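Trainee: Build out the structure end to end from the sequences listed, making use of the hints.
There are 2 protein chains.
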Amino acid sequence: MSVLQEINPNVKNMRQSMSTVLQRRANQLKKELAQGARKPYKDVIDVSWGDPHRAGVKPLSFVRQVLAACLYPQLINSDKLPLDVRQRAQRLLGQCAGGSVGSYTATAGISDIVHRVSEFIRKRDGGVPAHPENIYISPGSQWSLTNILKVLVNAEASPRPGVLIPVPCHQTTILSIEGLGAAVIPYYLREEQCWSLQVEELRRALESTKSVCNPVALYVINPGNPAGYVQSRKSMQEVIQFASEKRLFLLADEVYQGCVYGENSEFVSYKRVLAEMGPPLSDTVELASFHSASKGFMGECGLRGGYVELVNVDPTVMKYIYKLFSKDSCAPALGQIALDLMTNPPQPGDPSYPLYDQETNQIRTALLENVKRACEVVNSLPGFSCQPVEGGVFAFPRVFLPPKVIQRAKEVGMQPDTYYCMKLLEEVGLLFSPGCEFGQKEGTLHIRFCIMTPRDTMEETLRRLTSFQTKFMKEFS
Amino acid sequence: MSVLQEINPNVKNMRQSMSTVLQRRANQLKKELAQGARKPYKDVIDVSWGDPHRAGVKPLSFVRQVLAACLYPQLINSDKLPLDVRQRAQRLLGQCAGGSVGSYTATAGISDIVHRVSEFIRKRDGGVPAHPENIYISPGSQWSLTNILKVLVNAEASPRPGVLIPVPCHQTTILSIEGLGAAVIPYYLREEQCWSLQVEELRRALESTKSVCNPVALYVINPGNPAGYVQSRKSMQEVIQFASEKRLFLLADEVYQGCVYGENSEFVSYKRVLAEMGPPLSDTVELASFHSASKGFMGECGLRGGYVELVNVDPTVMKYIYKLFSKDSCAPALGQIALDLMTNPPQPGDPSYPLYDQETNQIRTALLENVKRACEVVNSLPGFSCQPVEGGVFAFPRVFLPPKVIQRAKEVGMQPDTYYCMKLLEEVGLLFSPGCEFGQKEGTLHIRFCIMTPRDTMEETLRRLTSFQTKFMKEFS
Numbered sequence: 003m004s005v006l007q008e009i010n011p012n013v014k015n016m017r018q019s020m021s022t023v024l025q026r027r028a029n030q031l032k033k034e035l036a037q038g039a040r041k042p043y044k045d046v047i048d049v050s051w052g053d054p055h056r057a058g059v060k061p062l063s064f065v066r067q068v069l070a071a072c073l074y075p076q077l078i079n080s081d082k083l084p085l086d087v088r089q090r091a092q093r094l095l096g097q098c099a100g101g102s103v104g105s106y107t108a109t110a111g112i113s114d115i116v117h118r119v120s121e122f123i124r125k126r127d128g129g130v131p132a133h134p135e136n137i138y139i140s141p142g143s144q145w146s147l148t149n150i151l152k153v154l155v156n157a158e159a160s161p162r163p164g165v166l167i168p169v170p171c172h173q174t175t176i177l178s179i180e181g182l183g184a185a186v187i188p189y190y191l192r193e194e195q196c197w198s199l200q201v202e203e204l205r206r207a208l209e210s211t212k213s214v215c216n217p218v219a220l221y222v223i224n225p226g227n228p229a230g231y232v233q234s235r236k237s238m239q240e241v242i243q244f245a246s247e248k249r250l251f252l253l254a255d256e257v258y259q260g261c262v263y264g265e266n267s268e269f270v271s272y273k274r275v276l277a278e279m280g281p282p283l284s285d286t287v288e289l290a291s292f293h294s295a296s297k298g299f300m301g302e303c304g305l306r307g308g309y310v311e312l313v314n315v316d317p318t319v320m321k322y323i324y325k326l327f328s329k330d331s332c333a334p335a336l337g338q339i340a341l342d343l344m345t346n347p348p349q350p351g352d353p354s355y356p357l358y359d360q361e362t363n364q365i366r367t368a369l370l371e372n373v374k375r376a377c378e379v380v381n382s383l384p385g386f387s388c389q390p391v392e393g394g395v396f397a398f399p400r401v402f403l404p405p406k407v408i409q410r411a412k413e414v415g416m417q418p419d420t421y422y423c424m425k426l427l428e429e430v431g432l433l434f435s436p437g438c439e440f441g442q443k444e445g446t447l448h449i450r451f452c453i454m455t456p457r458d459t460m461e462e463t464l465r466r467l468t469s470f471q472t473k474f475m476k477e478f479s
Numbered sequence: 003m004s005v006l007q008e009i010n011p012n013v014k015n016m017r018q019s020m021s022t023v024l025q026r027r028a029n030q031l032k033k034e035l036a037q038g039a040r041k042p043y044k045d046v047i048d049v050s051w052g053d054p055h056r057a058g059v060k061p062l063s064f065v066r067q068v069l070a071a072c073l074y075p076q077l078i079n080s081d082k083l084p085l086d087v088r089q090r091a092q093r094l095l096g097q098c099a100g101g102s103v104g105s106y107t108a109t110a111g112i113s114d115i116v117h118r119v120s121e122f123i124r125k126r127d128g129g130v131p132a133h134p135e136n137i138y139i140s141p142g143s144q145w146s147l148t149n150i151l152k153v154l155v156n157a158e159a160s161p162r163p164g165v166l167i168p169v170p171c172h173q174t175t176i177l178s179i180e181g182l183g184a185a186v187i188p189y190y191l192r193e194e195q196c197w198s199l200q201v202e203e204l205r206r207a208l209e210s211t212k213s214v215c216n217p218v219a220l221y222v223i224n225p226g227n228p229a230g231y232v233q234s235r236k237s238m239q240e241v242i243q244f245a246s247e248k249r250l251f252l253l254a255d256e257v258y259q260g261c262v263y264g265e266n267s268e269f270v271s272y273k274r275v276l277a278e279m280g281p282p283l284s285d286t287v288e289l290a291s292f293h294s295a296s297k298g299f300m301g302e303c304g305l306r307g308g309y310v311e312l313v314n315v316d317p318t319v320m321k322y323i324y325k326l327f328s329k330d331s332c333a334p335a336l337g338q339i340a341l342d343l344m345t346n347p348p349q350p351g352d353p354s355y356p357l358y359d360q361e362t363n364q365i366r367t368a369l370l371e372n373v374k375r376a377c378e379v380v381n382s383l384p385g386f387s388c389q390p391v392e393g394g395v396f397a398f399p400r401v402f403l404p405p406k407v408i409q410r411a412k413e414v415g416m417q418p419d420t421y422y423c424m425k426l427l428e429e430v431g432l433l434f435s436p437g438c439e440f441g442q443k444e445g446t447l448h449i450r451f452c453i454m455t456p457r458d459t460m461e462e463t464l465r466r467l468t469s470f471q472t473k474f475m476k477e478f479s
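Going line by line, the protein sequences match chains A and B.
Positions 3 to 479 (my numbering) are the ones given, in order, by the first sequence.
Positions 3 to 479 (my numbering) are the ones given, in order, by the second sequence.
Treat the hints with care, as some may be off.
Which copy is meant is left open, because identical chains are indistinguishable; a pair holds if it fits in one copy or across any two.
Below, in silico cross-link-like pairs of lysine-lysine (DSS-like), each with a Cα-Cα straight-line distance of 27 Å or less [as the list claims (entries may be wrong)]:
#1 Lys321 - Lys425
#2 Lys443 - Lys374
#3 Lys412 - Lys321
#4 Lys60 - Lys82
#5 Lys476 - Lys212
It is worth saying that the hints were derived from the structure and are not from the lab.
Small disclaimer: the values here were computed from a predicted structure and weren't measured.
Mentor: Right, dumping it as structure tokens:
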């Protein structure tokens, strides 16, 4: 057949993720351990994902109770569940077609949920209005991002469109851009200054691509992933000014907005900063802001619920966006409900509040401790240096590998940090992600690991990392 | 900003769905009714979707019990749920990372579920092997289809790629093809012969587009949607032969495989027919077959779970397909579990079997009655003619509108069948879909409505349709 020759070149050119190789090996090791194989470790700790439940964090009871009652409405009549849970489930089912989470929903999501999400945004942003008709719920925020990119990226245009992307950047966005045939225009965050975003660097990146592509959008991640920075208001103002000047559509990945813990850090949304800057900017800069039920303390990645809010987008463009979302029918109803619960959690006085408060506090406290411990331990190890982690759920330390290791990696055909992660996996059963996965300044190497784990998991992770690193550096230097 | 000028022309060229207009008006009417407005009907019956729960069909208890227990594992220890439900939930949770449906799954789906789906396919196809590595679970079958199309469609090629599509065809596929910048090549099913697919027509369609586009794939829907045909083995053999001869990738939408009730009809999968044809065809024709938890007796549309099985696809192409699926992380874990339950329902002897059997029988019996009644009633009305409905969940009768109606529709800027559906909605509160939504032979008009409803809903639907049509034909003739 002729398909292979004619395959979409944009798909052909998408890069292969290295984490697949590591993940596959980790699965193999887990299987071997389950079959009783002897290893110097009893289990594989997988902190390569931003996936709290996988790392052992427990789901929130309130969330799971409401979801279970929506699925199996007999539970609404049971006295086993708190009253507010049952009432909430009852109300949500009333907002589903046919009273079932098994029905398709409207394209943008269950209309009452979309309204409540808009209310959440309005409150979060100190009263800046949020219009339900500008919000689309989707199976995860990344999926919304791809849809917005589809509208912006005309692959047939010459020069082809380009999207400015931070380095480092989580890989799904890069894959989306490449898959659509747009150019990735990297701008480098300044590691030595807490991974800060410098407008001069944006300018340099843009200039460098002039004749090669036509930049149409600027993608920012705040709080960061993989690097755990939180942008300052001033930095965001500069970015907005730059986007306006260069007529770039601003794509703000803000899925970790609930996870900020730097002492002087605060999450402020791009939308709020834009509104506060006033006209003409606040009326003209086109912005898409993404959020998700996968991230934050809820961590319900497997339910697949995220949303995008669009600001200042031309009504004609909005019509196309609607069409694109409608093509894939709708987001999973339960993912939509998870978003509703995330944006409207139990309030003091509600029967579920005490447990909810206790559970979220426990996760928060563990996270704060983990951040502190991870930075302390990693920075105390030979060959490591970690910037302060102010937000998000990852540590992304720089690792300095001896020339011998780099040579060895070359011999086995791996990037040095992939080689390092493979060793870490084989020898102490830790699954981390290599920095090459996310992009990094030439000559630097990093590893990423999730810090939203139970405390004992983090302690065990750091213990294994310490023992490995000490031995490894001795062996290779 | 410049975005509007530079918007992706493929997205710009996607057609606007007329059902949006009707759906919006229906929502308005529902709101008015809820606020006590006086209408000649007490509610709006929405049978415009292939969405059984929306139409009043009850979810299957077994399915909902297992899903609820997976979400809220405390239920596994409760004696309120049957033992097999609790065991099933326990086993499924053991197959989720971190024991939670809130964790991301592997790209293609939870590996044990993918294996069980492959086993289901093998049994369905009389032993033809099905390999787990060829199966991808996604948030609905349409989503898989779009990913496969993405690989096949190189929008930058000249002439651009084309995909053969039946007329009539449900609209999401058409939108996907257009959104990717490929050409839609229509082939017409022969209505007067139970909507049969004729190879001469495929040949004509292909020839007609020669210089305009490069046909790369042939899309078939069996059992049909919107028209309720079921293809014969012979017809499928001819289609496969044609695909081979013309080097077309065969895309088989088989989501209604569980809904066949024509007296002489039987569902046979394209994969099975291909295998039975033997080499060289069985080793060379590239095939993707789609199935879904949304369709059939389960009808869990809102959970978003579907899969594609790929046959004879080059390993290099499979690698690209993997990349594309990995970009959007994974299908919702609960949608995946729904697929597991659909493909592995309770068996005689299991505690849940009697209730499961009773509930599915009830749906099946109602469906059979509904099909019979719908065809009888519609064919007895003036201005209607309906081919036998052998499978799927829709009736798609032809409607003959008087010239006066066609003139009136023209005056208000609507397609005649959209105008008819709008009248039907306004006057008797029935929401149907117009045939123009699906494509139809020039000079013919149709309406589509879902027949997978409770029996009384169908009776009320037919009663309203009868009273409307009688009056309407009198008024306009």
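Trainee: With reference to the structure, classify each hint as holding or not holding.
Mentor: For each hint, the structure was consulted:
no.: 1; hint: Lys321 - Lys425; result: between (51 Å within a copy, 26 Å between copies)
no.: 2; hint: Lys443 - Lys374; result: within (26 Å within a copy, 69 Å between copies)
no.: 3; hint: Lys412 - Lys321; result: between (50 Å within a copy, 24 Å between copies)
no.: 4; hint: Lys60 - Lys82; result: both (20 Å within a copy, 24 Å between copies)
no.: 5; hint: Lys476 - Lys212; result: neither (47 Å within a copy, 68 Å between copies)
When held up to the earlier numbered hints, the structure conflicts with hint 5 and nothing else.
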